[in-house]
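K.L.:
Under numbering that gives the first Met the number 0, the first residue of the sequence shown carries the number 0, and numbering increases by one thereafter.
Be aware that a few hints might be false.
Under the rule of at most 20 Å between Cα atoms (straight-line distance), these lysine to any residue pairs were calculated in the SDA-like manner [unchecked claim]: (1) K300 with V278; (2) K167 with W45; (3) K130 with G188; (4) K1 with T147; (5) K130 with T174; (6) K130 with Q119; (7) K123 with A11; (8) K316 with R350; (9) K109 with Y33; (10) K180 with P247; (11) K9 with V62.
Please keep in mind that the hints were generated in silico from the structure rather than gathered at the bench.
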Amino acid sequence: MKAFFYRALKTASFIRDDGAAFYQVVPVRFKNEYLSQDMHFENGSWREGVPEKKADSLVCEYVEILGSLKAYDYTLDQIADFDAAEFPLKKSCEIEEMGAAQLSDYLAYKKACERAEKNQAYSKDANGIHKDLFAVSVTTDEKALTLTLTLHRLYESGESGEDIFASKPAVQTSTFTYDMKAGRFFIQGYGHTDEHVNSVEENSAQKQREDFSYPIASFLDDQNIPAEALSCAFGELVRLASLYTGVPLLCASPQGSGAVLKKMYALCKMPFESCLYPVLCSSELEKKRFVFERNDSLVFKKFCREFRIPDCATVRKAYAARPASLLTVLHIKQAGFSDINLYRCVLENRRRCYLFDEADKKALSFFVRWSRSLRGESATLRTLLKSSRDVVMTRATAWKCSASILAGCRMN
0 MKAFFYRALK TASFIRDDGA AFYQVVPVRF KNEYLSQDMH FENGSWREGV PEKKADSLVC
60 EYVEILGSLK AYDYTLDQIA DFDAAEFPLK KSCEIEEMGA AQLSDYLAYK KACERAEKNQ
120 AYSKDANGIH KDLFAVSVTT DEKALTLTLT LHRLYESGES GEDIFASKPA VQTSTFTYDM
180 KAGRFFIQGY GHTDEHVNSV EENSAQKQRE DFSYPIASFL DDQNIPAEAL SCAFGELVRL
240 ASLYTGVPLL CASPQGSGAV LKKMYALCKM PFESCLYPVL CSSELEKKRF VFERNDSLVF
300 KKFCREFRIP DCATVRKAYA ARPASLLTVL HIKQAGFSDI NLYRCVLENR RRCYLFDEAD
360 KKALSFFVRW SRSLRGESAT LRTLLKSSRD VVMTRATAWK CSASILAGCR MN
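Work out the full structure: start from the sequences and follow the hints.
P.N.:
Right, here's the structure in full:
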(Lines of atoms letter the chains of each structure in order from A and count residues from 1; the text may use other names and numbers.)
(Lines give C-alpha, C1' and ligand atoms only; values in the text may rest on other atoms or scores of the structure.)
Protein backbone atom coordinates (compact mmCIF):
# COMPACT_ATOMS: atom_id res chain seq x y z
CA MET A 1 0.00 0.00 0.00
CA LYS A 2 1.24 3.48 -0.84
CA ALA A 3 -0.46 6.69 0.20
CA PHE A 4 0.67 10.06 -1.19
CA PHE A 5 -0.07 13.44 0.35
CA TYR A 6 0.84 16.76 -1.29
CA ARG A 7 0.46 20.32 -0.09
CA ALA A 8 -2.32 22.36 -1.67
CA LEU A 9 -0.71 25.50 -3.07
CA LYS A 10 -0.77 28.51 -0.70
CA THR A 11 -2.40 26.48 2.11
CA ALA A 12 -1.44 24.43 5.16
CA SER A 13 -3.61 21.50 3.99
CA PHE A 14 -2.30 18.26 2.51
CA ILE A 15 -4.39 16.40 -0.05
CA ARG A 16 -4.29 12.63 -0.38
CA ASP A 17 -3.96 11.30 -3.90
CA ASP A 18 -2.77 7.68 -3.94
CA GLY A 19 -2.89 7.53 -7.73
CA ALA A 20 -0.70 10.59 -8.20
CA ALA A 21 2.42 10.25 -10.34
CA PHE A 22 4.35 13.49 -10.25
CA TYR A 23 7.40 13.32 -12.47
CA GLN A 24 8.37 16.98 -12.20
CA VAL A 25 8.39 19.40 -9.27
CA VAL A 26 7.93 23.06 -10.19
CA PRO A 27 9.03 25.47 -7.42
CA VAL A 28 7.34 28.88 -7.40
CA ARG A 29 8.02 32.15 -5.55
CA PHE A 30 5.07 34.43 -4.96
CA LYS A 31 4.98 38.20 -5.28
CA ASN A 32 6.00 40.11 -2.17
CA GLU A 33 7.68 43.37 -1.21
CA TYR A 34 10.95 42.09 -2.67
CA LEU A 35 9.53 40.39 -5.77
CA SER A 36 7.58 42.43 -8.27
CA GLN A 37 5.78 39.36 -9.67
CA ASP A 38 5.27 35.64 -9.28
CA MET A 39 8.05 33.42 -10.57
CA HIS A 40 8.69 29.74 -11.21
CA PHE A 41 11.85 27.70 -11.67
CA GLU A 42 12.21 25.88 -14.98
CA ASN A 43 15.17 24.62 -17.03
CA GLY A 44 17.75 25.89 -14.55
CA SER A 45 16.50 29.47 -14.16
CA TRP A 46 13.71 31.53 -12.65
CA ARG A 47 10.97 32.68 -15.01
CA GLU A 48 7.94 34.90 -14.70
CA GLY A 49 4.49 33.64 -13.76
CA VAL A 50 3.07 30.51 -12.15
CA PRO A 51 2.49 27.58 -14.54
CA GLU A 52 -0.81 25.76 -14.64
CA LYS A 53 -1.01 22.42 -12.88
CA LYS A 54 -0.45 19.43 -15.14
CA ALA A 55 -0.99 15.73 -14.65
CA ASP A 56 2.74 14.99 -14.62
CA SER A 57 3.90 17.89 -12.44
CA LEU A 58 3.49 19.30 -8.95
CA VAL A 59 3.61 23.05 -8.34
CA CYS A 60 4.90 23.88 -4.86
CA GLU A 61 6.00 27.01 -3.04
CA TYR A 62 9.69 27.68 -2.48
CA VAL A 63 10.57 30.03 0.39
CA GLU A 64 13.79 31.97 0.02
CA ILE A 65 16.01 31.20 2.98
CA LEU A 66 19.39 32.89 2.92
CA GLY A 67 21.99 30.41 4.12
CA SER A 68 25.04 32.66 3.80
CA LEU A 69 26.21 36.06 2.68
CA LYS A 70 28.80 34.88 0.19
CA ALA A 71 28.27 37.89 -2.04
CA TYR A 72 29.50 40.11 0.79
CA ASP A 73 32.42 38.00 2.01
CA TYR A 74 35.04 40.32 0.56
CA THR A 75 33.83 43.21 2.73
CA LEU A 76 33.20 41.35 5.99
CA ASP A 77 36.48 42.50 7.55
CA GLN A 78 35.53 46.11 6.88
CA ILE A 79 31.92 45.68 7.96
CA ALA A 80 33.07 44.05 11.19
CA ASP A 81 34.35 47.40 12.36
CA PHE A 82 30.89 48.93 12.09
CA ASP A 83 28.42 46.22 13.09
CA ALA A 84 29.06 45.01 16.61
CA ALA A 85 25.74 43.11 16.68
CA GLU A 86 26.81 40.85 13.81
CA PHE A 87 30.60 40.66 14.10
CA PRO A 88 33.17 41.15 16.89
CA LEU A 89 34.78 44.59 16.89
CA LYS A 90 38.38 44.75 15.67
CA LYS A 91 38.86 48.44 16.27
CA SER A 92 36.82 51.48 17.17
CA CYS A 93 35.29 53.14 14.13
CA GLU A 94 32.19 55.19 13.36
CA ILE A 95 29.85 54.59 10.43
CA GLU A 96 30.49 58.17 9.30
CA GLU A 97 34.10 57.19 8.55
CA MET A 98 33.02 54.73 5.82
CA GLY A 99 33.78 55.45 2.24
CA ALA A 100 31.04 55.49 -0.39
CA ALA A 101 31.77 51.93 -1.57
CA GLN A 102 31.93 50.59 1.97
CA LEU A 103 28.70 52.28 2.97
CA SER A 104 26.95 50.94 -0.12
CA ASP A 105 28.06 47.40 0.68
CA TYR A 106 27.11 47.77 4.30
CA LEU A 107 23.58 48.98 3.51
CA ALA A 108 23.12 46.20 0.96
CA TYR A 109 24.25 43.70 3.57
CA LYS A 110 21.80 45.04 6.17
CA LYS A 111 18.98 44.96 3.62
CA ALA A 112 19.79 41.34 2.78
CA CYS A 113 19.70 40.47 6.49
CA GLU A 114 16.31 42.12 6.84
CA ARG A 115 14.97 40.25 3.85
CA ALA A 116 16.31 36.93 5.15
CA GLU A 117 14.73 37.58 8.55
CA LYS A 118 11.31 38.24 7.01
CA ASN A 119 11.58 35.16 4.82
CA GLN A 120 12.47 33.10 7.87
CA ALA A 121 9.33 34.29 9.65
CA TYR A 122 7.28 33.44 6.55
CA SER A 123 8.84 29.98 6.12
CA LYS A 124 6.19 28.11 8.16
CA ASP A 125 2.50 27.56 7.48
CA ALA A 126 -0.42 27.98 9.89
CA ASN A 127 0.32 24.57 11.45
CA GLY A 128 3.96 25.40 12.13
CA ILE A 129 5.22 23.11 9.35
CA HIS A 130 7.99 24.38 7.10
CA LYS A 131 6.69 25.25 3.66
CA ASP A 132 9.65 23.48 2.08
CA LEU A 133 7.90 20.21 2.98
CA PHE A 134 5.60 19.81 -0.01
CA ALA A 135 4.74 16.08 -0.03
CA VAL A 136 4.69 12.99 2.21
CA SER A 137 4.33 9.36 1.17
CA VAL A 138 3.52 6.33 3.31
CA THR A 139 4.58 2.93 1.94
CA THR A 140 3.60 -0.35 3.60
CA ASP A 141 5.00 -3.81 2.82
CA GLU A 142 2.76 -6.41 4.46
CA LYS A 143 5.03 -9.30 3.50
CA ALA A 144 8.15 -7.75 5.05
CA LEU A 145 6.10 -5.99 7.74
CA THR A 146 7.82 -2.66 7.12
CA LEU A 147 6.53 0.88 6.86
CA THR A 148 8.40 3.77 5.26
CA LEU A 149 7.47 7.39 5.85
CA THR A 150 9.08 9.59 3.17
CA LEU A 151 9.27 13.37 3.38
CA HIS A 152 9.82 15.42 0.21
CA ARG A 153 11.37 18.87 0.69
CA LEU A 154 12.84 21.69 -1.35
CA TYR A 155 16.29 22.92 -0.44
CA GLU A 156 18.85 25.37 -1.76
CA SER A 157 21.31 23.56 -4.01
CA GLY A 158 23.27 26.55 -5.33
CA GLU A 159 23.09 30.15 -6.45
CA SER A 160 21.68 31.28 -9.75
CA GLY A 161 22.91 34.58 -11.17
CA GLU A 162 23.86 37.60 -9.06
CA ASP A 163 20.80 37.53 -6.82
CA ILE A 164 21.76 35.57 -3.69
CA PHE A 165 18.07 34.93 -3.00
CA ALA A 166 17.45 33.39 -6.42
CA SER A 167 19.05 30.08 -5.52
CA LYS A 168 18.56 26.86 -7.42
CA PRO A 169 15.98 24.72 -5.58
CA ALA A 170 16.25 20.93 -5.59
CA VAL A 171 14.24 18.09 -4.09
CA GLN A 172 15.52 16.29 -1.02
CA THR A 173 13.95 13.16 0.49
CA SER A 174 14.28 11.84 4.02
CA THR A 175 12.80 8.60 5.31
CA PHE A 176 11.69 6.98 8.54
CA THR A 177 11.60 3.19 8.19
CA TYR A 178 9.96 0.88 10.74
CA ASP A 179 10.80 -2.84 10.58
CA MET A 180 8.20 -4.63 12.70
CA LYS A 181 9.77 -8.08 12.41
CA ALA A 182 13.24 -7.07 13.57
CA GLY A 183 12.18 -4.20 15.81
CA ARG A 184 14.41 -1.78 13.94
CA PHE A 185 14.07 1.90 13.14
CA PHE A 186 16.07 3.64 10.40
CA ILE A 187 16.55 7.33 9.66
CA GLN A 188 17.93 8.44 6.31
CA GLY A 189 18.32 11.77 4.57
CA TYR A 190 19.22 14.11 7.43
CA GLY A 191 22.87 14.34 6.56
CA HIS A 192 23.49 10.86 7.91
CA THR A 193 22.17 7.32 8.01
CA ASP A 194 21.27 6.07 11.44
CA GLU A 195 19.99 2.74 12.66
CA HIS A 196 18.45 2.09 16.06
CA VAL A 197 18.31 -1.63 16.82
CA ASN A 198 16.49 -3.51 19.54
CA SER A 199 17.93 -7.00 19.39
CA VAL A 200 15.90 -9.82 20.89
CA GLU A 201 19.14 -11.28 22.27
CA GLU A 202 20.11 -7.98 23.97
CA ASN A 203 17.11 -7.21 26.12
CA SER A 204 18.77 -5.70 29.19
CA ALA A 205 17.24 -2.58 30.65
CA GLN A 206 20.49 -0.70 29.95
CA LYS A 207 20.32 -1.66 26.27
CA GLN A 208 16.73 -0.40 26.02
CA ARG A 209 17.55 2.91 27.70
CA GLU A 210 20.43 3.51 25.31
CA ASP A 211 18.12 2.73 22.41
CA PHE A 212 15.58 5.35 23.49
CA SER A 213 18.21 7.82 24.63
CA TYR A 214 18.06 11.59 24.47
CA PRO A 215 19.29 12.03 20.85
CA ILE A 216 16.57 9.94 19.19
CA ALA A 217 13.76 11.10 21.50
CA SER A 218 14.78 14.73 21.05
CA PHE A 219 15.07 14.29 17.28
CA LEU A 220 11.56 12.85 17.02
CA ASP A 221 10.19 15.64 19.22
CA ASP A 222 11.59 18.22 16.81
CA GLN A 223 9.90 16.74 13.75
CA ASN A 224 6.74 18.39 12.45
CA ILE A 225 4.87 16.25 9.94
CA PRO A 226 1.37 16.90 8.52
CA ALA A 227 -1.34 15.34 10.65
CA GLU A 228 -3.07 13.85 7.60
CA ALA A 229 -0.03 11.80 6.63
CA LEU A 230 0.97 10.98 10.18
CA SER A 231 -2.48 9.66 11.03
CA CYS A 232 -2.33 7.35 8.02
CA ALA A 233 1.16 6.14 8.94
CA PHE A 234 0.17 5.49 12.55
CA GLY A 235 -2.88 3.48 11.51
CA GLU A 236 -0.83 1.41 9.07
CA LEU A 237 1.84 0.69 11.67
CA VAL A 238 -0.80 -0.46 14.15
CA ARG A 239 -2.14 -2.77 11.43
CA LEU A 240 1.35 -4.18 10.82
CA ALA A 241 1.78 -4.70 14.56
CA SER A 242 -1.50 -6.61 14.63
CA LEU A 243 -0.30 -8.81 11.77
CA TYR A 244 2.98 -9.43 13.57
CA THR A 245 1.44 -10.29 16.94
CA GLY A 246 -1.62 -12.08 15.58
CA VAL A 247 -3.75 -10.05 17.99
CA PRO A 248 -5.97 -7.10 16.98
CA LEU A 249 -4.33 -4.09 18.66
CA LEU A 250 -6.08 -0.89 19.64
CA CYS A 251 -3.71 2.05 20.10
CA ALA A 252 -4.90 5.60 20.61
CA SER A 253 -2.94 8.18 18.68
CA PRO A 254 -1.47 10.91 20.94
CA GLN A 255 -1.58 14.61 20.15
CA GLY A 256 1.33 16.27 18.40
CA SER A 257 3.73 15.17 15.68
CA GLY A 258 6.61 14.38 18.04
CA ALA A 259 4.39 12.38 20.40
CA VAL A 260 2.99 10.30 17.51
CA LEU A 261 6.47 9.57 16.13
CA LYS A 262 7.71 8.45 19.56
CA LYS A 263 4.60 6.29 19.94
CA MET A 264 5.32 4.67 16.57
CA TYR A 265 8.91 4.11 17.66
CA ALA A 266 7.74 2.42 20.87
CA LEU A 267 5.19 0.34 18.94
CA CYS A 268 7.95 -0.94 16.67
CA LYS A 269 10.10 -1.83 19.68
CA MET A 270 7.36 -3.44 21.83
CA PRO A 271 4.26 -4.22 19.73
CA PHE A 272 2.43 -5.97 22.58
CA GLU A 273 2.93 -3.25 25.17
CA SER A 274 4.07 -0.04 23.46
CA CYS A 275 2.98 2.17 26.38
CA LEU A 276 5.36 0.32 28.69
CA TYR A 277 8.43 0.91 26.54
CA PRO A 278 9.14 4.55 27.58
CA VAL A 279 8.66 3.52 31.22
CA LEU A 280 11.24 0.74 30.92
CA CYS A 281 13.66 3.18 29.29
CA SER A 282 13.27 5.85 31.96
CA SER A 283 16.15 6.86 34.21
CA GLU A 284 14.06 5.79 37.22
CA LEU A 285 14.74 2.15 36.36
CA GLU A 286 18.39 2.65 35.52
CA LYS A 287 19.65 0.44 38.35
CA LYS A 288 16.92 -2.16 37.92
CA ARG A 289 17.63 -5.29 35.93
CA PHE A 290 14.28 -6.16 34.44
CA VAL A 291 14.84 -8.52 31.50
CA PHE A 292 12.09 -8.67 28.88
CA GLU A 293 11.47 -9.63 25.27
CA ARG A 294 9.76 -7.39 22.75
CA ASN A 295 7.38 -10.16 21.61
CA ASP A 296 6.26 -11.12 25.13
CA SER A 297 2.52 -10.57 25.52
CA LEU A 298 2.75 -10.92 29.32
CA VAL A 299 5.42 -8.29 29.83
CA PHE A 300 3.10 -6.00 31.82
CA LYS A 301 2.21 -8.72 34.30
CA LYS A 302 5.88 -9.64 34.65
CA PHE A 303 6.75 -5.99 35.22
CA CYS A 304 4.18 -5.69 38.01
CA ARG A 305 5.37 -8.94 39.57
CA GLU A 306 9.04 -7.90 39.37
CA PHE A 307 8.45 -4.56 41.09
CA ARG A 308 5.69 -5.86 43.36
CA ILE A 309 3.08 -3.51 41.94
CA PRO A 310 -0.53 -4.66 42.40
CA ASP A 311 -1.94 -5.62 38.99
CA CYS A 312 -5.40 -4.28 39.78
CA ALA A 313 -8.02 -2.13 38.09
CA THR A 314 -6.75 1.04 39.80
CA VAL A 315 -3.23 0.64 38.46
CA ARG A 316 -4.34 -0.44 34.98
CA LYS A 317 -6.74 2.48 34.67
CA ALA A 318 -4.04 4.96 35.65
CA TYR A 319 -1.55 3.25 33.31
CA ALA A 320 -3.98 3.46 30.38
CA ALA A 321 -4.48 7.19 30.96
CA ARG A 322 -0.82 7.97 31.67
CA PRO A 323 1.82 5.22 31.33
CA ALA A 324 4.26 7.15 33.53
CA SER A 325 1.83 6.64 36.42
CA LEU A 326 3.57 3.26 36.93
CA LEU A 327 6.58 5.23 38.16
CA THR A 328 4.28 7.17 40.48
CA VAL A 329 3.00 3.86 41.87
CA LEU A 330 6.60 2.82 42.51
CA HIS A 331 7.25 6.11 44.32
CA ILE A 332 4.14 5.69 46.49
CA LYS A 333 5.18 2.15 47.32
CA GLN A 334 8.77 3.15 48.07
CA ALA A 335 7.52 5.93 50.34
CA GLY A 336 5.89 3.31 52.55
CA PHE A 337 2.20 3.20 51.58
CA SER A 338 0.53 -0.16 51.03
CA ASP A 339 -3.23 0.58 50.99
CA ILE A 340 -4.39 0.41 47.33
CA ASN A 341 -7.29 2.75 48.09
CA LEU A 342 -4.76 5.46 48.95
CA TYR A 343 -3.02 4.78 45.64
CA ARG A 344 -6.27 5.59 43.87
CA CYS A 345 -6.58 8.85 45.77
CA VAL A 346 -3.17 9.96 44.51
CA LEU A 347 -3.36 8.64 40.94
CA GLU A 348 -6.63 10.42 40.22
CA ASN A 349 -4.98 13.83 40.68
CA ARG A 350 -1.96 14.92 38.63
CA ARG A 351 -0.82 17.40 41.27
CA ARG A 352 -0.79 14.68 43.89
CA CYS A 353 1.26 12.50 41.58
CA TYR A 354 3.69 15.37 41.23
CA LEU A 355 4.21 15.34 45.00
CA PHE A 356 5.50 11.76 44.93
CA ASP A 357 7.35 12.09 41.61
CA GLU A 358 9.32 15.23 42.45
CA ALA A 359 9.81 14.99 46.21
CA ASP A 360 13.08 14.12 47.89
CA LYS A 361 12.67 10.34 48.11
CA LYS A 362 14.66 9.86 51.32
CA ALA A 363 12.89 12.70 53.11
CA LEU A 364 9.49 11.48 51.95
CA SER A 365 10.19 7.90 53.00
CA PHE A 366 11.45 9.01 56.41
CA PHE A 367 8.36 11.11 57.08
CA VAL A 368 5.85 8.49 55.87
CA ARG A 369 7.34 5.60 57.84
CA TRP A 370 7.66 7.70 60.98
CA SER A 371 4.19 9.26 60.74
CA ARG A 372 2.53 5.98 59.75
CA SER A 373 3.66 4.32 62.96
CA LEU A 374 1.96 7.09 64.97
CA ARG A 375 -1.17 7.98 62.97
CA GLY A 376 -1.68 5.38 60.26
CA GLU A 377 -1.49 5.63 56.46
CA SER A 378 -4.70 7.61 55.83
CA ALA A 379 -3.84 10.41 58.24
CA THR A 380 -0.27 10.52 56.93
CA LEU A 381 -1.46 10.89 53.34
CA ARG A 382 -3.88 13.65 54.34
CA THR A 383 -1.02 15.55 55.95
CA LEU A 384 1.13 15.13 52.85
CA LEU A 385 -1.63 16.31 50.51
CA LYS A 386 -2.30 19.30 52.74
CA SER A 387 1.37 20.29 52.76
CA SER A 388 1.65 19.82 48.99
CA ARG A 389 -0.79 22.63 48.31
CA ASP A 390 1.98 25.13 48.88
CA VAL A 391 5.29 23.27 48.75
CA VAL A 392 6.81 20.08 47.42
CA MET A 393 8.10 17.63 50.00
CA THR A 394 11.80 18.18 50.74
CA ARG A 395 14.00 17.36 53.70
CA ALA A 396 13.08 20.65 55.35
CA THR A 397 9.32 20.24 54.88
CA ALA A 398 9.52 16.60 55.96
CA TRP A 399 11.08 17.57 59.27
CA LYS A 400 8.59 20.43 59.64
CA CYS A 401 5.60 18.13 59.08
CA SER A 402 7.00 15.48 61.42
CA ALA A 403 7.62 18.08 64.12
CA SER A 404 4.05 19.39 63.91
CA ILE A 405 2.66 15.84 64.11
CA LEU A 406 4.86 15.03 67.09
CA ALA A 407 3.68 18.18 68.84
CA GLY A 408 0.05 17.23 68.20
CA CYS A 409 0.60 13.75 69.60
CA ARG A 410 2.16 15.13 72.77
CA MET A 411 -0.79 17.47 73.31
CA ASN A 412 -3.16 14.53 73.09
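K.L.:
For each hint, tell me whether it holds in the structure or not.
P.N.:
Evaluated hints:
1. The hinted pair formed by K300 and V278 meets the criterion: a straight-line CA distance of about 14 Å does not exceed 20 Å.
2. About 9 Å separates the Cα atoms of K167 and W45, which keeps this hinted pair within 20 Å; it holds.
3. Distance check on the hinted pair: K130 and G188 sit about 18 Å apart at the alpha-carbon level, within 20 Å; holds.
4. A threshold of 20 Å between alpha carbons decides the hint, and for K1 with T147 the separation of about 9 Å falls inside it, so the pair holds.
5. This hinted pair checks out: K130 and T174 have alpha carbons roughly 18 Å apart, not beyond 20 Å.
6. Only pairs whose Cα atoms come within 20 Å are accepted, and K130 paired with Q119 is accepted, the gap being roughly 11 Å.
7. Restraint check: the Cα-Cα separation between K123 and A11 comes to about 9 Å, which is no more than 20 Å; the hinted pair holds.
8. Taken as a hint, the K316 and R350 pair is honoured in the structure, with Cα atoms around 17 Å apart against an allowance of 20 Å.
9. This hinted pair checks out: K109 and Y33 have alpha carbons roughly 14 Å apart, not beyond 20 Å.
10. At most 20 Å may separate the alpha-carbon atoms for a hinted pair to count; K180 and P247 meet this at roughly 16 Å.
11. The hinted pair formed by K9 and V62 meets the criterion: a straight-line CA distance of about 11 Å does not exceed 20 Å.
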